[in-house]
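Note that the protein sequences, when read in sequence, are chains A and B.
The numbering of the first sequence is my numbering, which starts it at 1 and goes up by one.
The numbering of the second sequence is my numbering, which starts it at 1 and goes up by one.
Think of the hints as simulated: they come from the structure by calculation, not from any bench.
Note that the coordinates shown come from a computational prediction; the quantities given were computed from them, not determined experimentally.
Treat the hints with caution; some may be incorrect.
Unchecked claim - Cβ-to-Cβ under 10 Å is the rule here; a few derived chain A residues that face chain B:
#	residue
1	Ala8
2	Leu25
3	Pro110
As the list claims (entries may be wrong) - With a straight-line cut-off of 27 Å between C-alpha atoms, the simulated DSS-like cross-links for lysine-lysine are:
#	chain 1	residue 1	chain 2	residue 2
4	B	Lys55	A	Lys112
5	B	Lys297	A	Lys297
6	A	Lys55	B	Lys297
7	B	Lys55	A	Lys297
Don't be surprised by glycine CBs; every beta carbon is placed ideally from N, CA and C.
In case you want the letters, here they are:
There are 2 protein chains.
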Amino acid sequence: MAVYTDVAADELAQFLDRYELGELLSYKGIAEGVENSNFLLHTSTGTFILTLYEKRVAKGDLPFFLNLMTHLAAHGISCPQPLRDKQGAALGTLAGRPAAIINFLEGVWPRKPNVAHCAGVGQALAKMHLAGQNFSMSRANALSVSGWRPLFETAAPRADELQHGLRAFLAAELDRLEDGRWPRNLPQGVIHADLFPDNVFFLGDKLSGLIDFTFACNDMLAYDVAICLNAWCFESDHSFNVTKARAFLNAYGRERKLSGAEQDALPLLARGAAMRFLLTRLVDFLNVPPGALVRPKDPLEYVRKLRFQQGVNSIRDYGVEQSGLVA
Amino acid sequence: MAVYTDVAADELAQFLDRYELGELLSYKGIAEGVENSNFLLHTSTGTFILTLYEKRVAKGDLPFFLNLMTHLAAHGISCPQPLRDKQGAALGTLAGRPAAIINFLEGVWPRKPNVAHCAGVGQALAKMHLAGQNFSMSRANALSVSGWRPLFETAAPRADELQHGLRAFLAAELDRLEDGRWPRNLPQGVIHADLFPDNVFFLGDKLSGLIDFTFACNDMLAYDVAICLNAWCFESDHSFNVTKARAFLNAYGRERKLSGAEQDALPLLARGAAMRFLLTRLVDFLNVPPGALVRPKDPLEYVRKLRFQQGVNSIRDYGVEQSGLVA
């Protein structure tokens, strides 16, 4: 949860004058998004989300995120669309921060994803990958394999505070992930890179939208699949749920077939994906600033997931046959 | 800001089945209320606020708060009204906590109250006091003068960590407030007891509603006036704004005349009110639990206010003549 910056009503009213949104009726800071401050706005014309981008988000990346949402929405993906002001700009400044308004998506994110939710996100992820194919902008993934060692160096000296032996465990895994086997020739495109349950809305079991493209970037599409496997297919006791994985992968494959090479790479990509979230969580956990209004996520959850992925031999361990997915 | 308890969608849907609110479309934890977890709900029939009462609120007090809102709303006060479920109950249980749904009030709380806001809150406070006169329930004020020494004892050992000499300053003031001069015979009634700017909504300069009755209780009506003087009539540099105080007191007096005894007591009541918020803020400040998602409010703001009130001789120092307010 996060509201880092409060906004005065008169400042906000002045900002809203740039748009054609009618009169401001209310705004509430909402407990969504970890990187930014988000407010739910009611105006006389509807409901909207106002985001103030805090310093962890590079201002130069904002046009990528905003244009991507516009592009995806124009290509049939249910996701928020940035509103343009009277001059046509999607990005402004409020309370000294870059700020944008997006339309409000109804829906509820699943606290305990079920099999139908996993199938829904598999289908939506594949559709998003296809819709992103002709998006003209690009953004490198700063949190791919080359970004992990700096995170490790930051966290390593204190990693064992969290779990005895964690530093050595991470060092060994990082050496392995950096040994040249990380795939380079798999199909690339725009990935969401953070499609956790709290970024996917449902009405009942029906997916109603994808949100929060603050980590979106260009990378291997199958890496996005790997991130979701970790994020959606484990139970709260950290056990892997093969039924959910099968539902997720088959739903993905019905929209976009994974190539044989992608399928072969998936266990390694899932190890890398587990490493990436383990490291950022660990850095965040060890660096919660005093007075922060954010409860850091548990790094150890991703230690468990990484250990599971280390034991996976092929996608058969995810509950699917290669043949069922090959193009 | 506070969202202490998250709620799963299926739990929430089950809870909502008890009401006739239609289908759940979305819910967001909102950054309002320090004592409870609050969610903004959209359903197919409208917008509502769901409150989960956390442990700092005594369950036995909840019927007082909920019935008071119903009573005040029925007597012309714009405040949230608790929704009754199909069995007529305003209070249920969700995620192991007492829970209630109230209707959503549009409006924006003033981050920088102006003179018109101060007049608005003065008028609304007086109307609330009048509307509460025939409310049948009662609740003692646990945070009146007899409640301050226990707070002081809790905070005293570490008070000087915050400001050198603070412990002695508080001890001397508390001795004085307890010396028998605290008024006992002023007009009593239901007071809000926490009518800070974030609990008063406006649309433009027009007051649209009062919220958060979690501290409401029976006490001297003029004590509520004193709380508001401290909460509304100081600038962010801690200077007292006589123009705002005059607007506030005159607007109050037009709806409900303050008696001569109330006017005489107001400076002392304002010292007590400053002490009460100073002490609770100090205790909270010294006891922020690890992982709390609450930024404690600054106790020193109330040290400054208390020092100001110590120097007040009569309500003339608040910018009004006694004659202008006497009944």
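Taking the hints in turn, this is what the structure says about them:
1. Ala8: With a closest approach of 4 Å, the Ala8 of chain A hint holds.
2. Leu25: OK, holds: Leu25 of chain A within 10 Å of chain B, min 4 Å.
3. Pro110: holds, 6 Å
4. B:Lys55 to A:Lys112: holds, 25 Å
5. B:Lys297 to A:Lys297: holds, 25 Å
6. A:Lys55 to B:Lys297: holds, 24 Å
7. B:Lys55 to A:Lys297: holds, 24 Å
Of the numbered hints listed earlier, not one is contradicted by the structure.
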